[in-house]
Amino acid sequence: MFKVVWEKWKIGKREILRLILVTILLSTCFPLIWYTTQESFSLLKKTTWLIDDATGGLKNLTIQFKTLTTHSRVDKSLAKVKPTEKPYKCDGCFSKQFTFLINNEGICKTSNVSIKILIMITSSPQNKLSRNAIRDTWLTYAKKNNGNIRYVFLLGESPMTKELEKENLQTKDIILGNFKDAYNNLTYKTLMGYQWATQHCKHAQFVMKTDDDMFVHIPGLTRVIKENSKVLQTAVGGNCKQSARPIRNTRSKWYASLKSYPQRTYPGFCSGTGYVTSLDVVTKIMKISKDVPFFHLEDVYVSLCIKQLGLKLHYIDGFMRTFGLCRNEYNTLVTVHKVAVNRMRRMWETLCAPKEKK
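With our numbering applied, the sequence shown corresponds to residues 6 to 363, in that order.
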(Lines of atoms letter the chains of each structure in order from A; the text may use other names.)
(Lines give C-alpha, C1' and ligand atoms only; values in the text may rest on other atoms or scores of the structure.)
Protein backbone atom coordinates (compact mmCIF):
# COMPACT_ATOMS: atom_id res chain seq x y z
CA MET A 6 0.00 0.00 0.00
CA PHE A 7 2.85 2.35 0.87
CA LYS A 8 4.40 1.64 -2.52
CA VAL A 9 1.17 2.54 -4.34
CA VAL A 10 0.89 5.83 -2.45
CA TRP A 11 4.52 6.61 -3.22
CA GLU A 12 4.02 5.99 -6.95
CA LYS A 13 0.95 8.29 -7.03
CA TRP A 14 2.96 10.96 -5.21
CA LYS A 15 5.76 10.76 -7.80
CA ILE A 16 3.21 11.07 -10.65
CA GLY A 17 1.57 14.04 -8.96
CA LYS A 18 4.93 15.67 -8.41
CA ARG A 19 5.86 15.31 -12.08
CA GLU A 20 2.54 16.86 -13.11
CA ILE A 21 3.11 19.79 -10.75
CA LEU A 22 6.62 20.34 -12.11
CA ARG A 23 5.32 20.12 -15.68
CA LEU A 24 2.60 22.68 -14.92
CA ILE A 25 5.13 25.05 -13.36
CA LEU A 26 7.43 24.69 -16.40
CA VAL A 27 4.61 25.36 -18.88
CA THR A 28 3.54 28.43 -16.87
CA ILE A 29 7.07 29.83 -16.95
CA LEU A 30 7.39 29.23 -20.70
CA LEU A 31 4.05 30.86 -21.45
CA SER A 32 4.79 33.89 -19.30
CA THR A 33 8.13 34.34 -21.15
CA CYS A 34 7.10 33.66 -24.74
CA PHE A 35 3.61 35.14 -24.93
CA PRO A 36 4.71 38.82 -24.86
CA LEU A 37 7.29 38.08 -27.56
CA ILE A 38 4.72 36.32 -29.77
CA TRP A 39 2.24 39.16 -29.25
CA TYR A 40 4.83 41.85 -30.14
CA THR A 41 5.96 40.01 -33.28
CA THR A 42 2.38 39.51 -34.40
CA GLN A 43 1.59 43.17 -33.91
CA GLU A 44 4.71 44.24 -35.83
CA SER A 45 4.20 41.86 -38.76
CA PHE A 46 0.49 42.29 -39.29
CA SER A 47 -1.41 45.55 -39.15
CA LEU A 48 -5.03 44.60 -38.69
CA LEU A 49 -7.57 46.71 -40.50
CA LYS A 50 -5.23 49.59 -41.23
CA LYS A 51 -6.86 52.59 -42.79
CA THR A 52 -5.10 54.15 -45.76
CA THR A 53 -6.39 57.16 -47.57
CA TRP A 54 -5.65 57.42 -51.26
CA LEU A 55 -6.07 60.51 -53.40
CA ILE A 56 -7.55 59.53 -56.72
CA ASP A 57 -8.73 61.43 -59.74
CA ASP A 58 -12.46 61.42 -60.25
CA ALA A 59 -14.13 61.59 -63.65
CA THR A 60 -14.14 65.38 -63.66
CA GLY A 61 -10.41 65.69 -62.92
CA GLY A 62 -10.95 66.70 -59.29
CA LEU A 63 -9.90 64.78 -56.19
CA LYS A 64 -11.85 62.70 -53.71
CA ASN A 65 -10.96 60.62 -50.69
CA LEU A 66 -11.26 56.87 -50.82
CA THR A 67 -10.72 54.95 -47.57
CA ILE A 68 -9.69 51.33 -48.01
CA GLN A 69 -9.34 48.82 -45.18
CA PHE A 70 -6.95 45.93 -45.68
CA LYS A 71 -4.37 43.74 -43.98
CA THR A 72 -0.72 44.49 -44.74
CA LEU A 73 2.44 42.49 -44.31
CA THR A 74 5.67 44.17 -43.27
CA THR A 75 7.72 44.77 -46.43
CA HIS A 76 10.79 46.68 -47.52
CA SER A 77 9.91 49.22 -50.24
CA ARG A 78 11.97 51.76 -52.16
CA VAL A 79 8.92 53.84 -53.04
CA ASP A 80 9.17 57.43 -51.83
CA LYS A 81 7.46 57.80 -48.43
CA SER A 82 6.44 61.35 -49.34
CA LEU A 83 3.76 59.88 -51.61
CA ALA A 84 1.43 59.69 -48.63
CA LYS A 85 2.15 63.22 -47.42
CA VAL A 86 2.13 65.63 -50.36
CA LYS A 87 -1.01 66.63 -52.20
CA PRO A 88 -0.89 66.92 -56.02
CA THR A 89 -1.81 70.59 -55.89
CA GLU A 90 1.13 71.86 -53.82
CA LYS A 91 3.41 72.79 -56.74
CA PRO A 92 2.09 74.74 -59.73
CA TYR A 93 3.18 74.32 -63.34
CA LYS A 94 3.79 78.06 -63.49
CA CYS A 95 5.08 80.71 -61.09
CA ASP A 96 6.01 84.37 -61.25
CA GLY A 97 9.75 84.78 -61.68
CA CYS A 98 10.62 81.89 -59.34
CA PHE A 99 13.40 80.53 -61.59
CA SER A 100 15.10 83.60 -62.96
CA LYS A 101 18.55 82.15 -63.60
CA GLN A 102 21.20 84.12 -65.48
CA PHE A 103 24.32 82.10 -66.26
CA THR A 104 27.89 83.35 -66.34
CA PHE A 105 30.16 81.72 -68.92
CA LEU A 106 33.43 80.84 -67.19
CA ILE A 107 34.69 79.58 -70.55
CA ASN A 108 33.02 81.32 -73.47
CA ASN A 109 33.92 80.79 -77.11
CA GLU A 110 31.67 83.56 -78.26
CA GLY A 111 33.26 83.69 -81.71
CA ILE A 112 32.09 80.21 -82.78
CA CYS A 113 29.07 81.52 -84.67
CA LYS A 114 30.68 84.68 -86.05
CA THR A 115 30.83 84.38 -89.82
CA SER A 116 30.78 86.70 -92.78
CA ASN A 117 30.02 84.41 -95.68
CA VAL A 118 28.45 81.19 -94.34
CA SER A 119 24.86 80.94 -93.10
CA ILE A 120 24.59 78.71 -90.04
CA LYS A 121 22.03 75.98 -90.57
CA ILE A 122 22.37 74.02 -87.30
CA LEU A 123 23.91 74.67 -83.90
CA ILE A 124 24.58 71.38 -82.08
CA MET A 125 24.81 71.63 -78.28
CA ILE A 126 26.36 68.56 -76.62
CA THR A 127 26.01 68.14 -72.86
CA SER A 128 29.13 66.51 -71.47
CA SER A 129 30.74 65.59 -68.15
CA PRO A 130 34.23 66.91 -67.26
CA GLN A 131 35.78 63.43 -67.05
CA ASN A 132 34.54 62.44 -70.54
CA LYS A 133 37.41 63.89 -72.57
CA LEU A 134 37.82 60.66 -74.54
CA SER A 135 34.17 60.85 -75.59
CA ARG A 136 34.51 64.47 -76.65
CA ASN A 137 37.62 63.66 -78.69
CA ALA A 138 35.91 60.70 -80.33
CA ILE A 139 32.97 62.91 -81.31
CA ARG A 140 35.29 65.60 -82.68
CA ASP A 141 37.14 63.00 -84.76
CA THR A 142 34.03 61.27 -86.13
CA TRP A 143 30.58 62.67 -86.74
CA LEU A 144 31.50 66.28 -85.91
CA THR A 145 33.92 66.37 -88.85
CA TYR A 146 30.89 67.50 -90.86
CA ALA A 147 31.13 70.76 -88.90
CA LYS A 148 34.58 71.40 -90.47
CA LYS A 149 36.08 72.54 -87.17
CA ASN A 150 33.28 75.05 -86.67
CA ASN A 151 33.82 76.70 -90.02
CA GLY A 152 30.91 75.22 -91.99
CA ASN A 153 27.15 75.72 -91.89
CA ILE A 154 27.00 73.43 -88.84
CA ARG A 155 28.46 74.70 -85.56
CA TYR A 156 28.78 72.93 -82.21
CA VAL A 157 29.63 73.46 -78.54
CA PHE A 158 30.17 71.18 -75.54
CA LEU A 159 28.24 72.28 -72.43
CA LEU A 160 29.75 71.69 -68.97
CA GLY A 161 29.55 72.91 -65.37
CA GLU A 162 32.15 73.55 -62.69
CA SER A 163 34.12 70.70 -61.11
CA PRO A 164 37.58 69.92 -59.69
CA MET A 165 38.58 69.31 -63.33
CA THR A 166 37.96 72.90 -64.46
CA LYS A 167 41.70 73.55 -64.96
CA GLU A 168 41.95 70.51 -67.25
CA LEU A 169 38.95 71.77 -69.22
CA GLU A 170 40.62 75.14 -69.65
CA LYS A 171 43.71 73.39 -71.11
CA GLU A 172 41.52 71.27 -73.39
CA ASN A 173 39.68 74.35 -74.59
CA LEU A 174 42.95 76.06 -75.55
CA GLN A 175 43.33 73.34 -78.19
CA THR A 176 39.72 72.85 -79.26
CA LYS A 177 37.99 76.19 -78.60
CA ASP A 178 34.56 74.54 -78.42
CA ILE A 179 33.72 74.38 -74.67
CA ILE A 180 31.12 76.48 -72.85
CA LEU A 181 31.51 76.29 -69.06
CA GLY A 182 28.75 77.57 -66.76
CA ASN A 183 28.81 78.81 -63.16
CA PHE A 184 27.04 75.83 -61.57
CA LYS A 185 28.13 72.45 -60.25
CA ASP A 186 28.45 69.78 -62.92
CA ALA A 187 26.05 67.04 -61.80
CA TYR A 188 23.35 64.87 -63.34
CA ASN A 189 20.61 66.65 -61.40
CA ASN A 190 21.84 69.95 -62.85
CA LEU A 191 21.22 68.97 -66.48
CA THR A 192 18.39 71.51 -66.60
CA TYR A 193 20.91 74.24 -65.73
CA LYS A 194 23.29 72.92 -68.38
CA THR A 195 20.65 72.91 -71.10
CA LEU A 196 19.29 76.35 -70.23
CA MET A 197 22.86 77.67 -70.19
CA GLY A 198 23.18 76.37 -73.74
CA TYR A 199 19.93 78.09 -74.70
CA GLN A 200 21.18 81.34 -73.20
CA TRP A 201 24.47 81.04 -75.06
CA ALA A 202 22.66 80.31 -78.34
CA THR A 203 20.36 83.33 -78.02
CA GLN A 204 23.27 85.62 -77.14
CA HIS A 205 26.11 84.35 -79.33
CA CYS A 206 24.54 82.33 -82.16
CA LYS A 207 21.54 84.47 -83.08
CA HIS A 208 21.69 83.65 -86.80
CA ALA A 209 21.48 79.87 -86.50
CA GLN A 210 18.30 78.50 -88.02
CA PHE A 211 17.96 75.33 -85.94
CA VAL A 212 19.34 74.02 -82.65
CA MET A 213 19.98 70.41 -81.68
CA LYS A 214 20.60 69.27 -78.11
CA THR A 215 22.30 65.89 -77.55
CA ASP A 216 24.67 64.06 -75.14
CA ASP A 217 28.28 62.88 -75.31
CA ASP A 218 27.32 59.19 -75.49
CA MET A 219 25.38 59.71 -78.74
CA PHE A 220 26.29 59.06 -82.35
CA VAL A 221 24.58 61.67 -84.54
CA HIS A 222 24.22 60.91 -88.22
CA ILE A 223 24.56 64.42 -89.64
CA PRO A 224 23.13 63.62 -93.11
CA GLY A 225 20.09 62.10 -91.39
CA LEU A 226 19.77 65.15 -89.13
CA THR A 227 19.87 67.60 -92.02
CA ARG A 228 17.30 65.46 -93.88
CA VAL A 229 14.73 65.44 -91.04
CA ILE A 230 15.22 69.15 -90.44
CA LYS A 231 14.50 69.82 -94.11
CA GLU A 232 11.42 67.58 -94.04
CA ASN A 233 10.09 69.09 -90.80
CA SER A 234 11.36 72.68 -91.06
CA LYS A 235 7.89 74.22 -90.97
CA VAL A 236 6.70 72.16 -87.99
CA LEU A 237 9.88 72.91 -86.04
CA GLN A 238 9.08 76.63 -86.04
CA THR A 239 6.49 75.88 -83.35
CA ALA A 240 7.59 72.49 -82.00
CA VAL A 241 10.42 70.41 -80.56
CA GLY A 242 11.10 67.26 -82.58
CA GLY A 243 12.74 63.95 -81.76
CA ASN A 244 11.86 60.76 -79.92
CA CYS A 245 8.83 62.35 -78.27
CA LYS A 246 6.16 60.84 -76.02
CA GLN A 247 2.84 62.60 -75.60
CA SER A 248 2.45 61.41 -72.01
CA ALA A 249 4.43 59.56 -69.35
CA ARG A 250 4.27 58.87 -65.62
CA PRO A 251 6.90 60.04 -63.11
CA ILE A 252 9.11 57.28 -61.71
CA ARG A 253 8.70 57.12 -57.92
CA ASN A 254 11.26 54.38 -57.27
CA THR A 255 14.12 55.99 -55.35
CA ARG A 256 16.63 53.64 -56.98
CA SER A 257 15.89 54.93 -60.46
CA LYS A 258 18.15 57.38 -62.26
CA TRP A 259 15.01 59.27 -63.27
CA TYR A 260 13.41 59.27 -59.81
CA ALA A 261 11.05 62.17 -59.13
CA SER A 262 9.79 62.76 -55.61
CA LEU A 263 6.20 63.81 -55.10
CA LYS A 264 7.49 67.03 -53.60
CA SER A 265 9.50 67.89 -56.72
CA TYR A 266 6.72 66.81 -59.10
CA PRO A 267 3.30 66.20 -57.45
CA GLN A 268 1.31 65.65 -60.65
CA ARG A 269 0.45 62.12 -61.74
CA THR A 270 1.71 62.48 -65.32
CA TYR A 271 4.25 64.45 -67.31
CA PRO A 272 2.90 66.59 -70.16
CA GLY A 273 4.90 64.47 -72.61
CA PHE A 274 8.55 65.08 -73.46
CA CYS A 275 11.17 64.55 -76.16
CA SER A 276 14.08 62.41 -74.97
CA GLY A 277 17.03 64.55 -73.95
CA THR A 278 19.35 62.15 -75.78
CA GLY A 279 18.65 64.18 -78.89
CA TYR A 280 16.02 66.66 -80.07
CA VAL A 281 15.88 69.53 -82.53
CA THR A 282 13.94 72.77 -82.85
CA SER A 283 14.23 76.26 -84.29
CA LEU A 284 16.21 79.05 -82.66
CA ASP A 285 12.92 80.94 -82.33
CA VAL A 286 11.52 78.17 -80.08
CA VAL A 287 14.76 78.11 -78.05
CA THR A 288 14.42 81.86 -77.50
CA LYS A 289 10.83 81.47 -76.32
CA ILE A 290 11.77 78.63 -73.94
CA MET A 291 14.55 80.75 -72.48
CA LYS A 292 12.14 83.62 -71.82
CA ILE A 293 9.34 81.52 -70.27
CA SER A 294 11.74 79.45 -68.11
CA LYS A 295 11.90 82.12 -65.41
CA ASP A 296 8.21 81.45 -64.73
CA VAL A 297 8.42 77.63 -64.77
CA PRO A 298 9.53 76.02 -61.45
CA PHE A 299 12.85 74.17 -61.63
CA PHE A 300 12.73 70.42 -62.28
CA HIS A 301 15.89 68.33 -62.46
CA LEU A 302 14.98 66.14 -65.47
CA GLU A 303 15.85 68.53 -68.28
CA ASP A 304 13.82 66.93 -71.07
CA VAL A 305 10.72 67.03 -68.86
CA TYR A 306 11.52 70.62 -67.85
CA VAL A 307 11.73 71.66 -71.50
CA SER A 308 8.34 70.06 -72.10
CA LEU A 309 6.89 72.01 -69.16
CA CYS A 310 8.07 75.19 -70.88
CA ILE A 311 6.61 73.97 -74.17
CA LYS A 312 3.29 73.40 -72.41
CA GLN A 313 3.24 76.96 -71.04
CA LEU A 314 4.06 78.35 -74.49
CA GLY A 315 1.28 76.38 -76.15
CA LEU A 316 3.77 74.77 -78.55
CA LYS A 317 4.00 71.11 -79.60
CA LEU A 318 6.08 67.96 -79.26
CA HIS A 319 6.68 66.37 -82.65
CA TYR A 320 7.75 62.72 -83.08
CA ILE A 321 10.43 62.17 -85.74
CA ASP A 322 11.50 58.65 -86.66
CA GLY A 323 15.19 57.77 -86.40
CA PHE A 324 16.04 59.36 -83.05
CA MET A 325 17.53 57.34 -80.16
CA ARG A 326 18.19 54.04 -81.84
CA THR A 327 19.88 51.61 -79.48
CA PHE A 328 20.59 48.84 -81.98
CA GLY A 329 22.22 48.23 -85.32
CA LEU A 330 24.82 50.19 -87.24
CA CYS A 331 24.58 52.47 -90.22
CA ARG A 332 24.74 49.87 -92.98
CA ASN A 333 21.15 48.70 -92.59
CA GLU A 334 19.71 51.98 -91.29
CA TYR A 335 21.70 54.62 -93.13
CA ASN A 336 18.68 56.24 -94.78
CA THR A 337 16.56 56.51 -91.62
CA LEU A 338 19.14 56.92 -88.87
CA VAL A 339 19.45 60.19 -86.95
CA THR A 340 20.90 59.27 -83.53
CA VAL A 341 22.21 56.14 -81.82
CA HIS A 342 22.17 55.98 -78.02
CA LYS A 343 24.77 54.64 -75.56
CA VAL A 344 27.73 54.54 -77.94
CA ALA A 345 31.06 53.87 -76.25
CA VAL A 346 34.22 55.54 -77.55
CA ASN A 347 35.59 52.47 -79.35
CA ARG A 348 32.28 51.67 -80.95
CA MET A 349 31.85 55.28 -82.10
CA ARG A 350 35.16 55.20 -83.92
CA ARG A 351 34.39 51.78 -85.38
CA MET A 352 30.99 52.91 -86.64
CA TRP A 353 32.55 55.95 -88.26
CA GLU A 354 35.50 54.22 -89.90
CA THR A 355 33.69 51.17 -91.24
CA LEU A 356 30.14 52.22 -91.97
CA CYS A 357 29.28 55.84 -91.42
CA ALA A 358 32.08 57.92 -92.87
CA PRO A 359 31.10 60.33 -95.64
CA LYS A 360 31.69 59.07 -99.18
CA GLU A 361 34.56 61.47 -99.78
CA LYS A 362 36.57 59.70 -97.05
CA LYS A 363 36.42 56.32 -98.79
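Please note that the accuracy of each hint is not assured.
[Stated by the list, open to error] Using 30 Å as the maximum straight-line C-alpha spacing, the simulated DSS-like pairs for lysine-lysine come out as follows: (1) LYS94 with LYS114; (2) LYS185 with LYS94; (3) LYS235 with LYS167.
[Claimed, not checked] Taking CB as the label site, the calculated pair distances span: (4) ASN189 with THR270: 44 to 50 Å; (5) VAL118 with TYR93: 23 to 29 Å; (6) GLY152 with GLN102: 27 to 33 Å.
None of these hints come from the bench; they were simulated from the model. We treat Cβ as the ideally placed atom computed from N, Cα and C, and that holds for glycine.
Practice prompt. Taking the numbered hints from earlier one at a time, note which ones the structure violates and give those numbers from smallest to largest.
Written response: 1, 3, 4, 5
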